[in-house]
Every structure is written in structure tokens, then in C-alpha cells.
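Residue numbers (numbering that gives the first Met the number 0), protein chains in the order written: chain A, 0 to 159; chain B, 0 to 200.
None of these hints come from the bench; they were simulated from the model.
Be careful, since some hints might not be right.
[As the list claims (entries may be wrong)] Residues on chain B that point at chain A, a partial pick, calculated with CB under 7 Å: (1) Asp16; (2) Ala18; (3) Ile23; (4) Phe25; (5) Thr29; (6) Gly36; (7) Asp38; (8) Arg39; (9) Asp110; (10) Lys120; (11) Ser128; (12) Thr132.
[Stated by the list, open to error] Cross-link-like lysine to any residue pairs, in silico, SDA-like; alpha carbons within 25 Å at most: (13) B:Lys120 - A:Lys42; (14) B:Lys182 - A:Ala105; (15) B:Lys174 - B:Lys82; (16) B:Lys191 - A:Lys42; (17) A:Lys42 - A:Lys123; (18) B:Lys101 - A:Lys42; (19) B:Lys174 - B:Met187; (20) B:Lys191 - A:Lys107; (21) A:Lys55 - B:Leu75; (22) B:Lys84 - A:Leu143; (23) B:Lys114 - B:Thr28; (24) A:Lys107 - A:Phe155; (25) B:Lys178 - A:Arg61; (26) B:Lys178 - A:Lys42; (27) A:Lys144 - B:Glu161; (28) B:Lys82 - A:Phe155; (29) B:Lys182 - A:Glu135; (30) B:Lys114 - B:Ser98; (31) B:Lys114 - B:Leu173; (32) A:Lys55 - B:Lys101; (33) A:Lys120 - B:Val158; (34) B:Lys191 - B:Asp172; (35) A:Lys59 - A:Phe155; (36) B:Lys191 - B:Val52; (37) A:Lys123 - B:Leu75; (38) A:Lys55 - B:Gly102; (39) B:Lys82 - B:Arg151; (40) A:Lys55 - B:Lys191.
Quick caveat: nothing in here was measured; it's all calculated off a predicted structure.
No residue lacks a Cβ here, since even glycine has one placed at the ideal position from N, Cα and C.
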Amino acid sequence: MSKFAKKKSGELPAVSTASLPDIVFMLLFFFMTVTVMKDSSLKVENNLPSASEIKKLEKKDRVITIYVGKPTPEYAKVFGTESKIQLNDKFADPSDVGDFILMERAKKSQELQNVLTTSLKVDKNANMGIISDIKEELRKVNALKVNYTTVTGDAFTNLQ
Amino acid sequence: MGRRAGAPEVNAGSMADIAFLLLIFFLVTTTIETDAGLDRMLPPIEPPEDDVVIKQKNIFQVSINKNNQLLADDELTEIRNLKAKAVAFLDNNGDGTCSYCKGAKDAESSDNPTKAIISLKNDRETKYSTYITVQNELVGAYNELRNRESMRLFNRPFVDLEAEYLNPETDDDLKEELKEKVKRIQDMYPQKLSEAETSSN
Numbered sequence: 000m001s002k003f004a005k006k007k008s009g010e011l012p013a014v015s016t017a018s019l020p021d022i023v024f025m026l027l028f029f030f031m032t033v034t035v036m037k038d039s040s041l042k043v044e045n046n047l048p049s050a051s052e053i054k055k056l057e058k059k060d061r062v063i064t065i066y067v068g069k070p071t072p073e074y075a076k077v078f079g080t081e082s083k084i085q086l087n088d089k090f091a092d093p094s095d096v097g098d099f100i101l102m103e104r105a106k107k108s109q110e111l112q113n114v115l116t117t118s119l120k121v122d123k124n125a126n127m128g129i130i131s132d133i134k135e136e137l138r139k140v141n142a143l144k145v146n147y148t149t150v151t152g153d154a155f156t157n158l159q
Numbered sequence: 000m001g002r003r004a005g006a007p008e009v010n011a012g013s014m015a016d017i018a019f020l021l022l023i024f025f026l027v028t029t030t031i032e033t034d035a036g037l038d039r040m041l042p043p044i045e046p047p048e049d050d051v052v053i054k055q056k057n058i059f060q061v062s063i064n065k066n067n068q069l070l071a072d073d074e075l076t077e078i079r080n081l082k083a084k085a086v087a088f089l090d091n092n093g094d095g096t097c098s099y100c101k102g103a104k105d106a107e108s109s110d111n112p113t114k115a116i117i118s119l120k121n122d123r124e125t126k127y128s129t130y131i132t133v134q135n136e137l138v139g140a141y142n143e144l145r146n147r148e149s150m151r152l153f154n155r156p157f158v159d160l161e162a163e164y165l166n167p168e169t170d171d172d173l174k175e176e177l178k179e180k181v182k183r184i185q186d187m188y189p190q191k192l193s194e195a196e197t198s199s200n
């Protein structure tokens, strides 16, 4: 009888927090492994258009990215408000695209060099003129596989 | 006498705090993104050796002008109606050789899906967003037809099949099997989307 009586007198036992660090570490490792650090900061506006019939770009190491858009306000004073191309960290002309692709291609390992995709991240408000110039340059260096990178969504929202 | 008790224990109570700090840092900086978009192949720069003559009726001409208006087969068209028009053109089956087509068999439109070509032309002043929408609709037209055939043959939409085929986590045996299916559907409605050079006026 005393066995049962004793328990009643005690207060709620404190929850052990000893395993809290373990749980937090687990989460920490998860985020550490999935994190991709940005390798270049954007100097152009980059609101991608939306599209619905898209394919995923798997394997980051096979992708070369070209950004196109208006320079952001801090660069607009120097570079104007016309759409510009950004390669890695600097602004470039369409004529630089070919060299850039060749350089990036040379950096990749031999077996990847033939399966590279060029991802075009172009701002919604850019004109097709600059895109055509880029496409022309890409054709010159035989980088024919392109991906017009978009966000998932209804394509008709682009028209508004 | 305190020495004899051995090394004092390090207080690990604040470990959780430190771990939390790191965790929050990574939480904030993480962007889990897989890029996606419309895949296209550009035409090679060397012109093909032999000039193939293509009948006018086998070409579906889509042009976008600088005011983002759309001309499809010489008719001013709303972008919303483009997909239906493209589907009708691809699926027309004018010469009756395509057994799986359900088109109108209009003699003035394309002969069969393997000959039908969609040509997209744009102006330098065309907005990129319009261009993407049009591309999206044209790819959508192909996907609609391919999905239809894929559902009939394999009871699964084509985009599904293709996504699984392209997924690097799919194992090799399944990939072989999927490759055949994907290829078969692709051959039924080959994507012939030509991007002509841009006009400057």
C-alpha cells in the first residue's frame, strides 16, 4: 500500500533534455549537407518567368548558368538600365559568351564535356534581341543544349 | 585534495545552444533548389548538307512581333488558343498514314506527325516572358499528344515516364525499360520545333 501512496506525493518529474543536443545536431547535419552556397552574387534583376511544361535540371555539375537582366539599382548608374549579361561575377557582352562557355567547359572533367547544359536564367522583362545574340554565340561554340530556366507555374501569368 | 578526484567534468549544458546557433545559421542560408525549365536544342551552325524541300503545308509558322502579338499560320491568334491550334496541326494526318492520329485529315494541313514542323520566329523587341509562354504552349501541345498515346499504350502519362527515366535515382534495369517506351512515344510525335533567326524589324 505504501508503494502506491509514495508516488502520489511527488511532483511531475522534469523532462530530460539530455538528448536535445543530439536531435539538434541531427538537424544541423541535415542542413549542412543539403546547403548549396551561392557561388556568385546576382548583379542583375532576375525574375524568372513561369512555365508548366518543364523538366528538372538534375546534376548541378553539368550546368553552366548565364544570367540576363537589368542591372540592379546599385549598378544601374554605371551600366544603365538596358538588359545585360552576367557571367560568373561580372557583366559581359554577347561576344564574351562563347569564350566563357569554352572556359567553363574546359574546367569540367572529360566525360562531362559533351553533356553540358547551358541554363539561361533570364529576367521576364528582357528582350529577345539579347537572347538571340546569346543563342548565336552558343551555336558558334557548339553548346546546343539549352534550358530556359523558369519557375513552376501557370505560363499565362507571364503576360500580365 | 580536489586533485585526487581526477579531471573535472566539462559542463556540456551549453552544447545545445551552440548547436542551435549553427543550426539557425544553416537554416537561414539554405536554399534547397532544383532548377527546372524548358529544354531546347539549338540548331547546329553548319547548314545541313542536302537542302530538304519541305512542303508549305507541313510547316506551322508561329511569329511573335514586337508588340507581343502572335501570328499562327497567317492568322492573328490569342496565345491561349495556340496550343489547340498546334495540336490540331500536329495530329492532322493529311495523308492518312498515321494510324494513331485523331486529327481532321485536312488536306491543307500537315501530312503526318513525323513530317509536321513548327517554326517559331520572333522579333528582337519581343519580350522574353511572351516567348517563354509561347514555347511553353508549343511544348504543351507535343506533351498533350504524347500523353494521350502513352496513356493508351502504357496507361501512364508520358511526362511521368520521362521524368522517371531522367531521374538519376531510377535503377538501370527500369531505365532500359523506360527508355524503350519513351523512345517509342517520341518517335510517334517527334518534336520538330525550329527556331528561325530573329528578324530585326
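Right, here's what the structure says about each hint:
1. Proximity of B:Asp16 to chain A is violated relative to the hint, the smallest CB-CB distance being about 9 Å (cut-off 7 Å).
2. The beta carbon of B:Ala18 comes within 4 Å of a beta carbon in chain A, closer than 7 Å, and the hint placing it at the interface holds.
3. For B:Ile23, the interface hint is violated, since its Cβ never comes within 7 Å of a Cβ in chain A; the closest pair sits about 9 Å apart.
4. Evaluation of the B:Phe25 hint against chain A yields a held restraint, the C-beta minimum of about 4 Å falling below 7 Å.
5. A hinted interface residue such as B:Thr29 counts as satisfied when its beta carbon comes closer than 7 Å to some beta carbon of chain A; here the least separation is about 5 Å, so the hint holds.
6. Restraint check, B:Gly36 versus chain A: the minimum CB separation of about 4 Å is within 7 Å; hint holds.
7. At about 5 Å, the closest approach between the beta carbon of B:Asp38 and any beta carbon in chain A falls short of 7 Å, and the interface hint on this residue holds.
8. Because the smallest distance between the Cβ of B:Arg39 and any Cβ of chain A comes to about 5 Å, under 7 Å, the interface hint for this residue holds.
9. Nearest Cβ of chain A to the Cβ of B:Asp110: about 25 Å, over the 7 Å cut. The hint is violated.
10. Restraint check, B:Lys120 versus chain A: the minimum CB separation of about 10 Å is more than 7 Å; hint violated.
11. Interface restraint check for B:Ser128: the shortest CB-CB distance to chain A comes to about 4 Å, inside 7 Å, so the restraint holds.
12. Evaluation of the B:Thr132 hint against chain A yields a held restraint, the C-beta minimum of about 5 Å falling below 7 Å.
13. In summary, the hint linking B:Lys120 to A:Lys42 is not supported, as the alpha carbons are separated by about 30 Å, beyond the 25 Å threshold.
14. Taken as a hint, the B:Lys182 and A:Ala105 pair is broken in the structure, with Cα atoms around 32 Å apart against an allowance of 25 Å.
15. Our distance criterion of 25 Å between C-alpha atoms is broken by B:Lys174 and B:Lys82, whose separation comes to about 31 Å.
16. For a cut-off of 25 Å, the pair hint linking B:Lys191 to A:Lys42 is broken: about 36 Å separates their Cα positions.
17. The suggested pairing of A:Lys42 with A:Lys123 holds, with an alpha-carbon distance near 16 Å, which does not exceed 25 Å.
18. The hinted pair formed by B:Lys101 and A:Lys42 fails the criterion: a straight-line CA distance of about 50 Å is larger than 25 Å.
19. The hinted pair formed by B:Lys174 and B:Met187 meets the criterion: a straight-line CA distance of about 20 Å does not exceed 25 Å.
20. Using a Cα cut-off of 25 Å, the hinted pair B:Lys191 and A:Lys107 is violated, with the two alpha carbons roughly 31 Å apart.
21. Distance restraint check for A:Lys55 and B:Leu75: the Cα-Cα separation of roughly 33 Å exceeds the 25 Å cut-off, and the hinted pair is therefore not satisfied.
22. Among the hinted pairs, B:Lys84 with A:Leu143 is inconsistent with the structure: their alpha-carbon atoms are about 28 Å apart, more than 25 Å.
23. Note on B:Lys114 and B:Thr28: the hinted pairing is violated, with a Cα-Cα distance of about 50 Å set against a maximum of 25 Å.
24. At roughly 37 Å between alpha-carbon atoms, A:Lys107 and A:Phe155 are farther apart than 25 Å, so this suggested pair is violated.
25. The straight-line distance between the Cα atoms of B:Lys178 and A:Arg61 is roughly 21 Å, inside the 25 Å bound, and the hint therefore holds.
26. Restraint check: the Cα-Cα separation between B:Lys178 and A:Lys42 comes to about 41 Å, which exceeds 25 Å; the hinted pair is violated.
27. About 17 Å separates the Cα atoms of A:Lys144 and B:Glu161, which keeps this hinted pair within 25 Å; it holds.
28. Straight-line distance between C-alpha atoms of B:Lys82 and A:Phe155 comes to about 12 Å, which keeps the hinted pair within the 25 Å bound.
29. For the suggested pair B:Lys182 and A:Glu135, the alpha carbons sit about 29 Å apart, so the restraint of at most 25 Å is broken.
30. Restraint check: the Cα-Cα separation between B:Lys114 and B:Ser98 comes to about 15 Å, which is no more than 25 Å; the hinted pair holds.
31. A hinted pair counts as satisfied when its Cα atoms are at most 25 Å apart, and B:Lys114 with B:Leu173 does not qualify at roughly 31 Å.
32. Taking the CA atoms of A:Lys55 and B:Lys101, the gap is near 31 Å; set against the 25 Å cutoff, the hint is violated.
33. Annotation: proposed proximity of A:Lys120 to B:Val158 holds, straight-line Cα distance about 23 Å (limit 25 Å).
34. Distance check on the hinted pair: B:Lys191 and B:Asp172 sit about 30 Å apart at the alpha-carbon level, beyond 25 Å; violated.
35. For the hint linking A:Lys59 to A:Phe155, the alpha-carbon distance of about 29 Å lies beyond 25 Å, and the restraint is violated.
36. Restraint check for B:Lys191 and B:Val52: the C-alpha separation of about 15 Å stays at or below 25 Å, so the hint holds.
37. For the proposed pair A:Lys123 and B:Leu75, the alpha carbon gap of about 23 Å is at most 25 Å, so the pair holds.
38. Proposed proximity of A:Lys55 and B:Gly102 is contradicted: the alpha carbons are some 31 Å apart, above 25 Å.
39. Using a Cα cut-off of 25 Å, the hinted pair B:Lys82 and B:Arg151 holds, with the two alpha carbons roughly 21 Å apart.
40. Straight-line distance between C-alpha atoms of A:Lys55 and B:Lys191 comes to about 21 Å, which keeps the hinted pair within the 25 Å bound.
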